[in-house]
Amino acid sequence: MEWNGVIENHPEQTWAPRFKKLLLNMKKPKEDAIAMNLSGADEHTIQYYNEEYDAIIQVAFAENPMVTTEAKKKGRPKKGKVLALIERLQKYKGEVCHFLKDFQIDFDNNQAERNLRMIKTKTKVSGCFRTEEGIRDYLAVMSYIGTAKKHGKNAVEAIKNAFMGRPELIFE
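Using my numbering, the first residue of the sequence shown is number 4, and each one after it goes up by one.
Rather than coming from a laboratory, the hints here were simulated on the basis of the structure. Idealized CB from N, CA, C, for every residue including glycine. Treat the hints with care, since some could be wrong.
Okay, the calculated beta carbon distance ranges per label pair [what the hints assert, rightly or not]:
| no. | residue 1 | residue 2 | range |
| --- | --- | --- | --- |
| 1 | G149 | D105 | 18 to 24 Å |
| 2 | K84 | I122 | 25 to 31 Å |
| 3 | M167 | K94 | 47 to 53 Å |
| 4 | N157 | V128 | 20 to 26 Å |
| 5 | M167 | D45 | 45 to 51 Å |
| 6 | D140 | E90 | 37 to 43 Å |
| 7 | G130 | L27 | 39 to 45 Å |
| 8 | V144 | M69 | 47 to 53 Å |
| 9 | D45 | K153 | 26 to 32 Å |
Taking lysine to aspartate or glutamate pairs in the DMTMM-like style, the calculated list, with each CA pair at most 20 Å apart, reads [claimed, not checked]:
| no. | residue 1 | residue 2 |
| --- | --- | --- |
| 10 | K30 | E46 |
| 11 | K30 | E66 |
| 12 | K24 | E98 |
| 13 | K31 | E11 |
| 14 | K84 | E11 |
| 15 | K104 | D35 |
| 16 | K152 | D111 |
| 17 | K153 | D57 |
| 18 | K104 | E34 |
| 19 | K31 | E15 |
| 20 | K81 | E66 |
| 21 | K153 | E136 |
| 22 | K30 | D140 |
| 23 | K152 | D140 |
Whole structure, please, built from the sequences with the hints as guidance.
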């Protein structure tokens, strides 16, 4: 995550390790609630983590005040990367914390990253895709295989069913 860069490159930023710890702590009640077959965290838990989130963001802004200089250029004053990250974390708080309210949302985006990594590896090994149509075909097949796996189906069987004109069988 981006704040790992803040932790490593700006050790004076006390908010970043606290924020990382907060998110990891938020993951635990989600795992516990899933084990109890719940679909979201209770309101008390959500409220507690909302308050913690806001407190850390306040500390982050205190540690990174907006630099006020005489504007020599038109437009908005330039912000550093750290302040821009803090502003995004404040603006997108709902999206960042949504995994705690709706358990259909993953804590991380590792699957999306794995999907992209697969494409990059294919490009590296093969050199490149020859045509746009080839790219589309490859992505369609890989998407189909990924969907089959997510539904607990065997990828080879899913492809066989698709060739036999029964692609919907992966959704049963």
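Hint check results:
| no. | hint | result |
| --- | --- | --- |
| 1 | G149 / D105: 18 to 24 Å | holds (21 Å) |
| 2 | K84 / I122: 25 to 31 Å | holds (27 Å) |
| 3 | M167 / K94: 47 to 53 Å | holds (49 Å) |
| 4 | N157 / V128: 20 to 26 Å | holds (24 Å) |
| 5 | M167 / D45: 45 to 51 Å | holds (47 Å) |
| 6 | D140 / E90: 37 to 43 Å | holds (41 Å) |
| 7 | G130 / L27: 39 to 45 Å | holds (40 Å) |
| 8 | V144 / M69: 47 to 53 Å | holds (49 Å) |
| 9 | D45 / K153: 26 to 32 Å | holds (28 Å) |
| 10 | K30 / E46 | holds (15 Å) |
| 11 | K30 / E66 | violated (26 Å) |
| 12 | K24 / E98 | holds (18 Å) |
| 13 | K31 / E11 | violated (25 Å) |
| 14 | K84 / E11 | holds (14 Å) |
| 15 | K104 / D35 | holds (13 Å) |
| 16 | K152 / D111 | holds (19 Å) |
| 17 | K153 / D57 | violated (35 Å) |
| 18 | K104 / E34 | holds (12 Å) |
| 19 | K31 / E15 | violated (28 Å) |
| 20 | K81 / E66 | holds (17 Å) |
| 21 | K153 / E136 | violated (26 Å) |
| 22 | K30 / D140 | violated (37 Å) |
| 23 | K152 / D140 | holds (18 Å) |
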